[in-house]
Amino acid sequence: MTKISQTGYSIQEALSELIDNSIDARREGHKPVVKVDISEDSVVIADNGIGMSEEQTSNSIRLGFSNKKGQLGEFGLGMKTSTSFLGQAFTLITTQENSDEQYILQYDEDEWMKHGDWYKFPLVVERGVESSKSGTIILVSRLKVDFSQKMLESIQEEFGLRFGPFIQNGELDLIFNGKPCEANKPNILDDERHEFEFKIDKVHAHGWWGYQLSGLNKSYYGFHTFRRGRLVTVFDKIGLTPNQDIKQIVGELHIDGIPITHDKKGFIKESDEYKALENEMRQYFKPYERKPKRILSGYAASAGRVRGTVKVIRTLSQHTDIQKSLENVKRGDIVVTEMTRPQYLLAIRRAAGIITDLGGNLCHAAIVSREFNIPCVVGTQNATSILEDGKKVILDGNEGYIYED
Amino acid sequence: MKIDPILLKFPKSLPNDEQQFMTYYPYKFPRVIDFFEAKALALHDNPEEYMEFVHSEFDELDRAVSSVIDKYQAGDQTDLNFLVKTDQQFNKIFCFKFWVINYVFADGPIHEFYVDQLKSFARKMVDATDDVESYEQQIIRLQRDLLQTDYADIYLVQALHGNTVMKFLENDPFSKSILDTVAPLIDEHGESDADKINEIWKPIVERMTNPDDHHYDELSVIDPNLPKSAPLIELPPLVLPLNQVKMRKTDFPLYSFLNHTVEFRDENQQLEERYEDMKQTIAQIFDIAKSKLSEEEYRGFELSYEMSKCFSMSKDIMGNIDHRLLPVWERDVHEKVHSILSENSAVRYPSVNHASMFSSFVWYLPEDLKAEVMSVDESDFNIKDYENE
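If you read the protein sequences in the order shown, they are chains A and B.
Under the working numbering, the first sequence is numbered contiguously, ending at residue 1292.
Under the working numbering, the second sequence is numbered contiguously, ending at residue 509.
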């Protein structure tokens, strides 16, 4: 089992396997509630599912054994490999509804290495358990992994991504260290989602797509793919060109009829079914993949990408009513000016981004945009000449570019 | 970490010099060059002494400006000679006491040096990964946090003040009922319904401007330093808008402040949370620096961060002169000069420009005043010149 645990898992994936098992074990008519608690010395995953019988509990420790055909855990590696990846020991406590028995299995890696025999694994039966109780608790101890604060934040974010569809549809309550996980929602431009569907022989794929602005990590675009309601891959680029930037395609793709790898982490790309779908999607998305035209460049003063309508404020012209220009700035506009001033504060607060002709890293616009966490490009030289009121642009505060939208 | 001595020399240009002071000041007041270079050499790597310098410069700036304003208000404001002389006095004070700190230091090559150092150190502090984008992303985040620092500048302070005022409005039953009426109007209509919204605010504004109103026991809950039954005007967040009320002789700044406090209440809350997190974030960054950098590098990192922060803080300190200086210099002296000169010529007048005398008005001045403006002033700045006049 020690070898199996070294199968290239990440911590997030190992935890997700255990949560998958909990979801598989959901009771009819009961919303699954899964609690994940991580401390310095243990990881505890508890659910309110159907629990396991004595036989199921005994068999759960045997490698490769699974009676979950057609379900998320059908390959029977999930619990064993995940727990072994996370720690050197685990305890499994499970009970079923309408039973007064609770089954406890304890695994210790060192002990098993000395005398291990899957068929003779000790199982403790406790009686007198409340019969309405039902569910499984897995407690992993003697941890092999470190959980820094950043790792915990990353896990919570990952859970929002992987189990987002379940959470969003009200099919799962996932509580991480006492806090409910929220579904990760992509920021779709104009909230415009386009439905699509492909049927090729036995393959059926359907979903939706929309545009997003690329973030700091440009590879986070593509499709979250699902099979039987379970997330298989994230940011899958099937049918899309690589290196999409600025305006990227994102969406969901639900696939039936394409074979899946044994670890459930991907579809078999060499299969004819996969290739056929990929081809169809490539043809479909060709007209929608377009990179916006770059029209200005400057110094990237404050990170972020945003799309908005230009509002020009000319300070150095004697013919401008500056006050009126400032009042014209609406929420989400992109302020374009020679250089911002303290009097512009209200307009800046409302703006989604700032573009200036002048300035460098330390100018007023750079400072306030970092303070208020809005993207900013400074020192473009001629933004106020090239951009007009009402023009729609994409401001890239990461790289210092402005694109026509 | 040693700064290149060339960066301690007076720069040839500045990136944010939209008013082009660099075109005029080193030529009009050449002693500013020696002044800057002496201070740069002495203070460029000493945050505590630099801040002491900033405070003492602001003190002289404040005293000198006050002296000139007093004399201006007592003088003949219809006399072009007097107006030009006043403008030139403002320019000299501004050049030596404000421009050197807020532009030549804070926007100049020394600050750029420290910012570049922080960016380099950030690269050393992030573990390289196979995922290049993730690596670069972490570096950008680290650089952004280091540049922002845990210092609350004047803009952030205003946002935090907004939160304090919101707490008051929400906790005082009388104010709460007004807030509940006004908030949906502000969210829906913004300033298009300004008159209607301001009418609803009126009772609160009247109490806020009434020094005898002592009915706000809730204030001590919001600000424990205030005694119970303190008048509302003593609530610190109201000090600035109430000063503006006094200066502009209208309650409009207070209405504006209340409207913006409500309009940006959610954003201000997020800014406060981010500010609270920032202190912890900076502490964590310093821990990482300690573990990843050598001893010498860490000292350099610390110095770069502190000096960068000093330059940011100094901008706010010097900015405290704006509300007294700008109304007199730009909106009064310059407008009067423009008005007099416009009697005989179509004078170009760029809005908002301290350097208008050099860039615009000089072309239309009588010859003697033109000569005065365009002649070199070889003297140093001396505060005694303003206090003895």
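What the hints contain is simulated information worked out from the structure, not anything from laboratory work.
Be a bit skeptical, because a hint or two may be false.
Some, not all, of what chain A presents toward chain B, calculated at C-beta under 7 Å [to be verified]:
1. N1166
2. E1167
3. A1190
4. M1226
5. R1236
6. L1245
7. G1246
8. G1247
9. L1249
10. C1250
11. V1255
12. R1257
13. E1258
No experiment lies behind these values; they were computed from the predicted model shown.
Every residue, glycine too, gets a C-beta built ideally from N, C-alpha and C.
Results for each hint:
no.	hint	verdict
1	N1166	violated (28 Å)
2	E1167	violated (29 Å)
3	A1190	holds (6 Å)
4	M1226	holds (5 Å)
5	R1236	holds (6 Å)
6	L1245	holds (5 Å)
7	G1246	holds (5 Å)
8	G1247	holds (3 Å)
9	L1249	holds (5 Å)
10	C1250	holds (4 Å)
11	V1255	holds (6 Å)
12	R1257	holds (5 Å)
13	E1258	holds (5 Å)
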